[in-house]
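Trainee: In case you want the letters, here they are:
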Amino acid sequence: MWSSVVDGQVLTFRLMGVNNQNFIMRDEQTGTWWQQVTGEALVGPLAGKRLSPVRFDEVSYAIWSGEHPETLVLEPVPGKVDQYAADDWDESMDVPVPEQRAPPGEWEARRLVVGILADGVAKAYPMDVLGEQTPVADWVGDTPVLIALAADGRSIRAFDRRIDEMVLEMYAKTDVDPPVFIDAQTGSEWNFAGLATAGPLLGRRLESVRPLKDYWFDWKQYHPDTRVYTAGGVR
Amino acid sequence: MKKYTDVAITSLVAVGSVGFWAWTNGRLMPQIAHTADDIAAAHRLFQIVPPLSIALLVVGALLTARSWRRHSGRLFRAASMLPVVVLLIGVVLARGTFVELMFSPVDEARFVTVADAGFLEPEHLVLGVSIAGEAKAYPVAMMTYHHIVNDRLAGEPYVATY
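Here the protein sequences come in this chain order: A and B.
Going by this note's numbering, 47 is the number at position 47 of the first sequence; the sequence numbering is gapless.
Each number in this note's numbering comes from the position in the second sequence (counting from 1) with 1000 added on.
In case anyone wonders, no lab produced these hints; they're calculated from the structure.
Treat the hints with care, since some could be wrong.
Using C-beta positions, here's what the derived DEER-type ranges look like [to be verified]: (1) P1122(B) with P200(A): 44 to 50 Å; (2) R1152(B) with E106(A): 38 to 44 Å; (3) E28(A) with E1134(B): 21 to 27 Å; (4) F1119(B) with A151(A): 21 to 27 Å; (5) R204(A) with E1123(B): 27 to 33 Å; (6) I1054(B) with E207(A): 30 to 36 Å; (7) V1058(B) with G31(A): 19 to 25 Å; (8) G31(A) with W1068(B): 36 to 42 Å.
Covered stretches of chain A (in silico footprint by chain B; criterion: 3 or more residues with CB under 8 Å from a CB of chain B, positions within the stretch not fixed) [stated by the list, open to error]: (9) 53–61; (10) 123–135; (11) 187–199.
Note that the Cβ used here is the ideal one computed from N, Cα and C, for glycine as well.
Turn these sequences into a full structure, and let the hints guide you.
Mentor: Here is the structure:
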């Protein structure tokens, strides 16, 4: 999700074509082409610019509407409803992966990962590993992160687990959904939106880190130097 | 047979117009990881498509007008209009792309409140945006079709993509 404003101009985006099973967008105002997943201008008058990310969440409707009862919901477009995908389309995707300039290496190409970018470092966390270990506390560059899935195994949140100068060690409370975390330092309780709801840090909020759910081959394509998180250890 | 020469040429021009559009789109279709050079070359080709489609329409229209002056007959004139219609379609196609026809991005999205969102199950995934106390949810299953929603929230313009 990207801000439409580049150099003070509001752009309207259209679909142009496909690169590596990811869309190329064209803006109507300048004719520049943009890679959807990276926000990078590939070619055209604005080549080399980047779109600014707009913070968004990929979570279940139950969690989102619970946190934002006033939310508006995109209405199905009449006549298009039978074109919409099944809700679990990404897990059942069986289209062959595109031919790669460089093979994706470590993992199976269509493994779903959560990609995190911080301090110029990219790191990929397999969804299945996150599902078993949630929440995962780790470092990406110099940023201590917390990556968590809800009980559905699909709703994702990621945070910077620093409050003031303190790096929090976080644990999940068992059998609650949406998840609740407790930090080891103060015993405060944190909800799935990153807000402390009880304890000494009540009212404090963890800063969000942008998680991107992607297929491994796609993440690797755009972040060739990505680090990978493995269940047995980190490298 | 001479009577149909202009119609035949116009037909070829029409096939060329739509064919060039399709071929240009094809440059960005095989779902491979394109190189930057491939993408730059495709970008140059796409610059040509709309003006070329209009130029070919003008050529076809002139040829057809000439054939109308030289020959009459209701059947002949109806037949001679067919390639012109294809050329018009070419002009319309040139304004967009194949993937856009396939997926139809949304510019004028309509939204409902939670009370009216019965079409959505609690466990369905959404992309949620929250700006300045306002919130919008885009069901993932719908976004996998539209891919692009040009939208605003709290006055901030953004593009919701998937």
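Trainee: Indicate, hint by hint, whether the structure satisfies it.
Mentor: Do the hints match the structure? See the list:
1. A hinted range of 44 to 50 Å for the beta carbons of P1122(B) and P200(A) is inconsistent with their spacing of about 33 Å.
2. Range check, R1152(B) to E106(A): about 40 Å between beta-carbon atoms, so the 38 to 44 Å window is met.
3. Distance hint check: the CB atoms of E28(A) and E1134(B) are about 26 Å apart, consistent with the given range 21 to 27 Å.
4. A hinted range of 21 to 27 Å for the beta carbons of F1119(B) and A151(A) is consistent with their spacing of about 23 Å.
5. Against the hinted window of 27 to 33 Å, the Cβ-Cβ separation of R204(A) and E1123(B) comes to about 30 Å, which satisfies the hint.
6. The hinted window of 30 to 36 Å between I1054(B) and E207(A) is violated, with their beta carbons roughly 52 Å apart.
7. Between V1058(B) and G31(A) the beta carbon distance is about 23 Å. The supplied range of 19 to 25 Å therefore holds.
8. One distance hint, 36 to 42 Å for the beta-carbon pair G31(A) and W1068(B), holds here, with the actual separation near 37 Å.
9. Judged by the Cβ-Cβ criterion of 8 Å, the stretch 53–61 of chain A is covered by chain B as claimed, because 8 of its residues qualify and three suffice.
10. Look at the stretch 123–135 of chain A against chain B: 0 of its residues bring a Cβ nearer than 8 Å to a Cβ of that chain, fewer than three, so the hint is violated.
11. For the stretch 187–199 of chain A, the stated coverage by chain B is not satisfied: 0 residues place a CB nearer than 8 Å to a CB of that chain, which falls below the threshold of 3.
Comparing the model with each earlier hint shows violations of hints 1, 6, 10 and 11; every other hint is respected.
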